[in-house]
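Student: So the sequence shown is numbered by numbering that gives the first Met the number 0: it starts at 0 and just counts up by one.
Hints in this document: simulated from the structure, not taken from any laboratory.
Capping the alpha-carbon separation at 30 Å, the derived lysine-lysine pairs in DSSO-like fashion look like this:
#1 116 <-> 288
#2 131 <-> 234
#3 313 <-> 234
For each label pair, taking beta carbons as the anchor points, the in silico distance ranges come out as:
#4 93 <-> 148: 10 to 20 Å
#5 250 <-> 150: 39 to 49 Å
#6 51 <-> 104: 33 to 43 Å
#7 54 <-> 338: 19 to 29 Å
#8 279 <-> 318: 23 to 33 Å
#9 51 <-> 277: 32 to 42 Å
#10 336 <-> 51: 15 to 25 Å
#11 93 <-> 281: 39 to 49 Å
#12 277 <-> 173: 15 to 25 Å
Beta carbons: idealized from backbone N, C-alpha and C, even for Gly.
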Amino acid sequence: MKKGLLALILTGGSLLNVNADTADSSIYKPEIHGVIRTRWEGEWNSADGFASRFEVRNARINIGGKIFPTVNYFVQIDASDQGKMKFLDAWARWQFLPGFRVQAGQFRVPFGVDCFKAPGDYYFPNRSFIGKQMVNMRQVGVKVGYYGTGIPVDIEGGVFNTASIGNHDVWQKSYTYACKVVWRISNVSVSGGFVSYKPDLFRINVTDGTITWKSGRWVAEGEYQYKRYAGNRFKPVNAWNLYGVYTVPFSRRPFNYMSFEGRFDGMTDHSTGTVDENCVLLTDHPERKRATIGATIGRINKAVKIEFSVNYEKYFYNSGVIPTRGDDDKILAEIILKF
0 MKKGLLALIL TGGSLLNVNA DTADSSIYKP EIHGVIRTRW EGEWNSADGF
50 ASRFEVRNAR INIGGKIFPT VNYFVQIDAS DQGKMKFLDA WARWQFLPGF
100 RVQAGQFRVP FGVDCFKAPG DYYFPNRSFI GKQMVNMRQV GVKVGYYGTG
150 IPVDIEGGVF NTASIGNHDV WQKSYTYACK VVWRISNVSV SGGFVSYKPD
200 LFRINVTDGT ITWKSGRWVA EGEYQYKRYA GNRFKPVNAW NLYGVYTVPF
250 SRRPFNYMSF EGRFDGMTDH STGTVDENCV LLTDHPERKR ATIGATIGRI
300 NKAVKIEFSV NYEKYFYNSG VIPTRGDDDK ILAEIILKF
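Using the sequences and the hints given, assemble the complete structure.
Tutor: What follows is the structure, encoded as structure tokens:
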């Protein structure tokens, strides 16, 4: 029983699987799921002193399912991404051959690993620099993939609008191209990816490599990304994310598990790719490193998960850099409800 519960915890506790195919899946059976993340955080800013705030970090709701045995759909919105409503996903997917699928609509481009974790499955309240700032990208387009069972390899590739998802009316002269390969070897997954996109005047190319290891109560992952700007308009960016999680069953009601988390991530000087009035790429995020430690206590019961999490983040900047508010040492306490 405990092993089954622990396996459910370590896979994020997700019970929604719009990829599954069953004998009666031609019947229209929509499933509604969501996640609410509320938090308090306090920060010791070097220039402005201590301040704190409450916020609803996410209030996501999604609906998905099948209308034919080989046709899936999925729609997702966030009613409160730090107080702002965002339309996130809307796609249809067709399995045209065993193991082969084509997907069209608005969704996350097939690139990276940490950026694909959903808010209900985060190990840390704040995303890594890789997951948030390197290539955190949803766009409108199409992708084709092979998802192997006999051969444990997933391969995806897609073409997408470069224009913002807030405006689907833009005629394109350039596109975003992305691909991703995942190879599963026993309890280890090895992933590699490439994306090329043009957010403004200059094209940006990014490569990604990730290794994930899961064994018993342990999960460990290391991800590295290298971003290069066309014409050497900005110095290449190196970013990394290393973390480990140890989870144990916890029998005191109402909780049934506890976990301890540690992470070290960082990135060199980074530009989002948007030019200033002189057509120059500026540093949007200065070089920094961060160490995070935390603990979580929670309960999973069938399709519902509730967690209480506490984290402390320590930032490291180069000499002379004054961190902006929101990017300095902080403590966070968060409640996550997933259903």
